[in-house]
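Trainee: The sequence shown runs -20 to -1, 1 to 176 under mature numbering (1 follows the signal peptide of the UniProt record, and there is no 0).
Among the clues, some could well be false.
Result set (EDC-like, lysine to aspartate or glutamate): computed pairs, CA atoms no more than 20 Å apart in a straight line [unchecked claim]:
#, residue 1, residue 2
1, K138, E29
2, K55, D9
3, K45, E8
4, K122, E8
5, K3, D16
6, K3, E29
7, K33, E129
8, K33, D16
9, K33, E135
10, K122, D69
11, K145, E135
12, K122, D96
Rather than coming from a laboratory, the hints here were simulated on the basis of the structure.
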Amino acid sequence: MKRIILVLVVTLLSMATGIAVEKWHKSEDGSLFYIDTEAKYNWHGAWNECARKNMSLIAIDSRYKHLQIDTLIKKLFAACPSFWIAGHDNAIDLRYEWATSGEIFSFTNWGPGQPDRLNNNEHCILIWQNTWQWYDLPCGHKLGFICEENRYIKEKAKELEILKKECQKDDDVGKSKNIALFINSKPTFEYLKSSN
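Please put together the full structure from these sequences, using the hints given.
Mentor: The following block contains the structure:
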């Protein structure tokens, strides 16, 4: 009997530790995020993990984006873990910018007394545990992270979807035979249609 109970306990423990934590989430507007709460990534490692998923470390560059992610993480977590976000002042000291776009911060959600740049060693930005506000920390510190869909890929996907619908509409009425899609050095698309 003891052996059966021991086998049951071991089986239940192995099942409990083998349960996958859901890391893919959608916000109320349908935007896709990858949220990893494991405190095992420095800022650069978090950046790389997002890139491996064709995503970007999140840039909370507007009040809308702040409310979007704040609502999502408050819904998912009773107590906020700490997460790396894409903000930093690594390029120019005291100029905080988003690594994903190079844009200087126009929206902020700093915690009290932040950024404090303790010992001039804190250059990467995070959402701090339980305050839901931003703090600076040394980039080598290990935290979780939040990825968002790559904004340029997302924009181009929308443009392609519009083009596909336009092509289907033209094909339905026999107006279009050839379509060429060019990607130039800028992150834009140009469309050429032939009506032959």
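Trainee: Each hint should be assessed against the structure and marked as holding or not.
Mentor: For each hint, the structure was consulted:
no.	hint	in the structure
1	K138 x E29	24 Å, violated
2	K55 x D9	14 Å, holds
3	K45 x E8	11 Å, holds
4	K122 x E8	29 Å, violated
5	K3 x D16	6 Å, holds
6	K3 x E29	13 Å, holds
7	K33 x E129	9 Å, holds
8	K33 x D16	12 Å, holds
9	K33 x E135	17 Å, holds
10	K122 x D69	18 Å, holds
11	K145 x E135	16 Å, holds
12	K122 x D96	19 Å, holds
In this structure, the earlier hints numbered 1 and 4 are contradicted, and the remaining ones agree with it.
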